[in-house]
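Colleague: Add chain B to chain A, keeping to what the hints say.
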Amino acid sequence: MDKDRSKHYALHRRKVVKKLLEKRGEMLVVAGLGAPAWDITAAGDDPLNFPLWGAMGGAVALGLGLALAQPSNRVLVITGDGEMLMGIGSLATVAIQRPENLAIVVLDNEHYGETGMQRTHTAGCVNLAAIAAGNGISVCSTIKDEKDFNAILPQIRNVQGPCFFNIKVRAEALPLVLPPKDGAYLRDRFRMALLGEDAMA
Amino acid sequence: MPMTETNAKIWPNEIFQVLNAYSVQQVAYVPDSGHTRLIQLCHSSSEVKTIAVTTEEEGIALLAGAWLGGQRGALLMQSSGAGNCLNMLSLTRTCRLPLLMLVTMRGQWGEFNPWQVPMGQNAEPMLKLAGVITFAVDDDRRVKDTVAAAAQMAFEGPAATAILISQRIIGAKTFGK
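Each protein sequence line maps, in turn, to chains A and B.
For the first sequence, my numbering gives the first residue as 1, with consecutive numbering after it.
For the second sequence, my numbering gives the first residue as 1, with consecutive numbering after it.
So here's chain B without its partners, still in its complex pose:
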């Protein structure tokens, strides 16, 4: 099904609803244009502490601390950030901490910037190697239930999970060309 204008606007709101339903209280992020709407929703919420971090691995450690202190978290990033997380994911794995990563993909579908392609192609296998359960989703109608399924496994497990939101959903970036 072609992506509709309406659907394109709905899925970030749906993710936000799932985060609320699972009582996520800390959201860390390194921005991505695919996450613009979700980041806005998080910043405007009084239920969620929204924390911009300087690198994705900082978010992994931050959310480990949140969990130790009794709060659930989520980490938003783009695929280029997945590699930055790898060593810090040993913290998540060794301490068996919950982790919910929401990764918007670049370098995957109609990408104009070749520098995005290496991590776009390798984010998922790298995360798997680091012990993260991955959920790739390329249909915007499936985003909500996929995030809910991952959150369930993350917080009830605990398990490290990542939802990889396809560039097909977000749309290929063009810089207006």
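Bound conformation, chain A alone:
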């Protein structure tokens, strides 16, 4: 087995997410289950967050449906490497649909964090940014340090998408910061914040 690189990555997921969501404005944020959902909540719960507590493999597809429905709003999907691998086909669908307003960030710690820190395929030879590129997503890269991360921040907000960034983050145990758990509540507050009272009609 290869040496575990992930304990030495320079970037910390909570700091990365905090920066991604700073002065976010009207940006719509979808988080994959597990740590990414806790990360966006640690950065400040928001009605325009849609944190998933299940539906593994669905984060990018959900973000795509949202981006197609709301072409004038930026949609940011933040998910983990295990979740991305389970819905890997959705990257192909994103590439075909080419939503200009969709940005995808994978926080890649190379482990399944909620289930005992088993290694994911990205701990081995699997390169998610290369998969995104192979699908035809033209703006994509792997980010490993703060300098490169700072360089992609404006792209995540503004570049003509779709864009995909695989951010290597340190594998670390962090305090849980849990978002609301009731899906119907998450749905209603999101739709009210985005669509106004019409959402409840």
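I should point out that these hints are in silico values taken from the structure, not numbers from a laboratory.
A couple of the hints might just be wrong.
For each label pair, taking beta carbons as the anchor points, the in silico distance ranges come out as [to be verified]:
hint, chain 1, residue 1, chain 2, residue 2, range
1, A, 160, B, 131, 47 to 57 Å
2, B, 44, A, 15, 44 to 54 Å
3, A, 10, B, 131, 38 to 48 Å
4, A, 138, B, 115, 37 to 47 Å
5, B, 128, A, 124, 34 to 44 Å
6, B, 43, A, 127, 31 to 41 Å
7, B, 125, A, 185, 24 to 34 Å
8, B, 70, A, 158, 16 to 26 Å
9, B, 87, A, 173, 25 to 35 Å
As the structure is a prediction and not an experimental result, all values here were calculated from the model.
Glycine residues also receive a C-beta, built at the ideal position from the N, C-alpha and C atoms.
Modeller: For chain B alone, kept in the frame of chain A given last:
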């Protein structure tokens, strides 16, 4: 009543009319030959964004996002895809999202391919177990009002619904044998 040539051509058009009447704006699909005509109609419409997905569960998540963004959707698939949806249907159920699934059946009526039979026989009970309201229809004259009834329940509920269009309507596939 035996299926007539005319009726066989009408029901996909009728489904398309119902989707328009209910303001469906995103249609996701994994292809099935039974849905060929409907998929063509959707692709050629400027009212509908038509999205081929790589697996049916992707369509469930996609339409959840569509609804969160204020748009109604429908998901087209064949019965073999129903099982692929099961875990993702927990999203629909937990968040109480509307869902309109149009499932063309295989493995049900004169099926020549035994590999289609397990899901052909189990799609409906599986969907029910996942909390989906199912409407099986085996008369092509009943397709239109069944889809309308399901759409009404889906979007006014909200509820997860599936219309299972019998292989009797579509015709058993033979590969020309």
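Colleague: The structure should be examined with respect to each hint, and the outcome stated for every one.
Modeller: Results for each hint:
1. 160(A) x 131(B): 47 to 57 Å: Because 39 Å falls outside the window, the suggested range is violated.
2. 44(B) x 15(A): 44 to 54 Å: holds, 48 Å
3. 10(A) x 131(B): 38 to 48 Å: Distance hint for residue 10(A), residue 131(B) holds at roughly 45 Å.
4. 138(A) x 115(B): 37 to 47 Å: holds, 38 Å
5. 128(B) x 124(A): 34 to 44 Å: Given a distance of about 40 Å, which is inside 34 to 44 Å, the answer is holds.
6. 43(B) x 127(A): 31 to 41 Å: Given about 33 Å between the Cβ atoms, the range holds.
7. 125(B) x 185(A): 24 to 34 Å: Given a distance of about 30 Å, which is inside 24 to 34 Å, the answer is holds.
8. 70(B) x 158(A): 16 to 26 Å: holds, 23 Å
9. 87(B) x 173(A): 25 to 35 Å: Once the Cβ atoms are compared, 26 Å apart, the range 25 to 35 Å for residue 173(A) and residue 87(B) holds.
Of the hints listed earlier, the one the structure fails to meet is number 1.
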